[in-house]
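J.: Residue strings, one per chain:
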Amino acid sequence: METVNPVRNSNKVLDQNQKTGFSNEVNPYYSIPIKIKKIIPETSNITTFILEGMPMKFEAGQFAELTVPGVGEAPFTPSSSPYAKDMEFTIMQVGRVTSALFELKQGDLVGVRGPFGKPYPLDDFKGKEIYIVGGGVGFAPLRSLFLALLHNIKKYKKIYIRYGARTPDDIVYRRLIPDWQKINGVDIHLTVDVGDESWQHTVGVVTVLLDEIPVNVKNSPTIVCGPPIMLKFVTQRLVEVGFEHKNIYLSMESNMSCGIGKCNHCRVGKFYVCKDGPVLTWDDVKGIEEPFL
Amino acid sequence: MKLYLLPSDSIKSFIKELAEDGSVFYPVFEDDKTHLVKFAEDKDFEPDFEKIRTAENIKHFFFPSRDVVAKFPKDSRPKAEKQYLFGIKSCDLRGIDVYDRVFIKNEPVDPMYQERREKTIIISADCPEPADCCFCNLVGVSPYGEGTCDINVTKISAGLLCEVFTKRGEQILSKHQDLFKEAGKDNIKEREKIRKDALKRLGKINEKSFKEDIGERIEKAGKKTMQDAQKDCVECFACLHACPTCYCFLLSDYKKGKDVERVRTWDACYYAAYARVGGGANPRSDLKDRFWNRLLCKFDYFNEYEGFFACSGCGRCYRGCSGKIDIREILWKL
Ligand SMILES: Cc1cc2nc3c(=O)[nH]c(=O)nc-3n(C[C@H](O)[C@H](O)[C@H](O)COP(=O)(O)OP(=O)(O)OC[C@H]3O[C@@H](n4cnc5c(N)ncnc54)[C@H](O)[C@@H]3O)c2cc1C
Ligand code: SF4
Ligand code: SF4
Ligand code: FES
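These protein sequence lines map, in sequence, to chains A and B.
164 is the number that the numbering used here gives to position 162 of the first sequence; each next residue is one higher, with no gaps.
61 is the number that the numbering used here gives to position 73 of the second sequence; each next residue is one higher, with no gaps.
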């Protein structure tokens, strides 16, 4: 008759935690107050917010909840290097919280909570070619990854970046890219959906940059971040050319609230994007019905 | 295992004595429903330990529907008070098991939950008469406390037969030892009979069990099946508010003077806007997707992570449902 074992050991759970001394002094819902040091507009609707200092120790790929006091929180991946002195976020204005954030000025107070989620497994990337594909504001988390890779650039064989935006004016970090292109061991190609007179590079959606893939697809990791529709087509292409499914790292889009694997908002299939992600591999998500919305 | 007897004429004294140490909540039966009420000195009271679980779920004792969880920029939060839950049923212990996993076992610990859990003494009571909505036996829950509670009591002819499960429970008994007696053999025999009868009754109410691989079956059944299953749902959401194992929540911030309060409210994956992301896209706007997700969460994902279902078999969702959807009927068909 019984189909499952009655598990009745919650008292043990309680005792165990008291013994291992999980502290309930640390409140995982509390945001650390921090001032905005500088605001740098990147495009018409994307802005980089530089905070005054580094309120937490994070690794590339992890994210934080950013608070506009009295308005609410939203999840963002820092766009700065984990080794930097100040924490930065590059944010697109889309709705309630982000619009309130765009009203703030230098010196205003915000809150941060984190870091959450798993970092990119940089140890596994050692000695390999790393193929990064981004679209739109998806460059924000990828910049943090890129800067973390640059910090130890000798450890990696080569870093490729393929990035697409709608128009040349929508390219994030246009102020920084020329310098990055000069770095030895870095290969950056850009494309825009619609060019203008001054545009010298490729025109077309980001997948046109993937027509030829110069890396060894058999063992190279590829990291993708961008809007869901881009994620879908880029993933199709990466699978088609033979990247290992476990080497295709995808930033998942999901609704979030707690960031700590409790509220359930971020569930995609059986994964908590906030805890198991925010980056999952194609191997993880390919079985899920419509993983990209 | 040592059992004690709280004689019938000492039950009220025990409650009164407990109330000197904290709030005591006990079950009363009114208008065909059980409710948990707070003991007050000036009130007549008639606790009833034999009826099934309360109509309302009891999760708010640990996880209130609205809870200030943090303040900004300087943190502070209210302290939990000591409370006794006397006479809650075994299915509601499953709810507590679920919350213990989510809020304590899985790091980081939720300090508010943990504090309330530590300050709450649980004295559960046997169910001698399971009702038709009950299916605890199908989800691995017995109709009597076997853990998670500090003490479990069984109503027998001579009073309450008490079994102690924790140190805390022992301390309570020794503090009030004048009221208790050691249980006799016939007391214990009586309990055995009550339990056997209860299980037999449950076996009759739920003749079929769920298939071993019910989680996978739900996955495989897919959205099409869900369309049939949810056709009577009018989205009144009674099931969500009644459910003692649902734990989804939402954090929102409110200005309070110069400070900001971060408030946690109950939420549910069954709400249409639940999974909406920035800019407006929504992967689960359809009712059948949400219905499916609710079953997957309870019977597939939670079971995979924690080894038991996030469902207690309490049947509150069915009792509350405007469309009389019975979750058992759906699962039996899979
Ligand atoms: C891990 C992670 C990292 C991210 N990193 C970045 C980044 O680096 N840069 C960046 O620009 N973006 C990033 N995003 C996306 C960013 O989190 C969203 O753009 C942001 O949450 C939008 O917030 P908003 O309040 O401005 O948008 P809105 O569209 O107003 O709101 C989105 C949120 O509010 C809720 N909501 C709003 N209106 C309603 C309604 N009517 N009913 C119900 N719910 C509603 C939604 O449920 C949703 O949670 C990231 C997202 C994740 C998950
Ligand atoms: S589901 Fe089981 S434990 Fe809950 S009230 Fe019914 S018989 Fe009692
Ligand atoms: S799903 Fe229904 S039967 Fe299961 S715990 Fe929730 S209310 Fe009770
Ligand atoms: S955001 Fe709350 S569980 Fe992931």
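Hint data in this document are derived by calculation from the structure and do not stem from the laboratory.
Mixed in with the good hints, there may be bad ones.
Dumping the calculated DMTMM-like pairs for lysine to aspartate or glutamate here, alpha-carbon to alpha-carbon at most 20 Å [unchecked claim]:
no., chain 1, residue 1, chain 2, residue 2
1, A, Lys277, B, Glu292
2, B, Lys211, A, Glu292
3, B, Lys246, A, Asp181
4, A, Lys59, B, Glu95
5, A, Lys288, B, Asp277
6, A, Lys120, B, Glu95
7, B, Lys276, A, Glu292
8, B, Lys59, A, Glu292
9, B, Lys70, B, Asp20
10, A, Lys277, B, Glu103
J.: It remains to establish, for every hint, whether it holds in the given structure.
T.: Here's how the hints hold up against the structure:
Simply put, Lys277(A) and Glu292(B) have alpha-carbon atoms about 16 Å apart, close enough for the 20 Å limit, and the pair holds. Distance restraint check for Lys211(B) and Glu292(A): the Cα-Cα separation of roughly 13 Å lies within the 20 Å cut-off, and the hinted pair is therefore satisfied. Restraint check for Lys246(B) and Asp181(A): not satisfied, since their Cα atoms lie roughly 44 Å apart, outside the 20 Å limit. Among the hinted pairs, Lys59(A) with Glu95(B) is consistent with the structure: their alpha-carbon atoms are about 18 Å apart, no more than 20 Å.
With a C-alpha separation of about 18 Å, the suggested pair Lys288(A) and Asp277(B) falls inside the 20 Å cut-off, and the hint holds. The straight-line distance between the Cα atoms of Lys120(A) and Glu95(B) is roughly 14 Å, inside the 20 Å bound, and the hint therefore holds. Between Lys276(B) and Glu292(A), the direct Cα distance comes to roughly 15 Å. Compliance with the 20 Å bound is thereby established for this hinted pair. About 38 Å separates the Cα atoms of Lys59(B) and Glu292(A), which puts this hinted pair outside 20 Å; it is violated.
Taking the CA atoms of Lys70(B) and Asp20(B), the gap is about 30 Å. The hint is violated against a cut of 20 Å. Between the alpha carbons of Lys277(A) and Glu103(B) the distance comes to roughly 24 Å, so the proposed pair goes past 20 Å and is violated.
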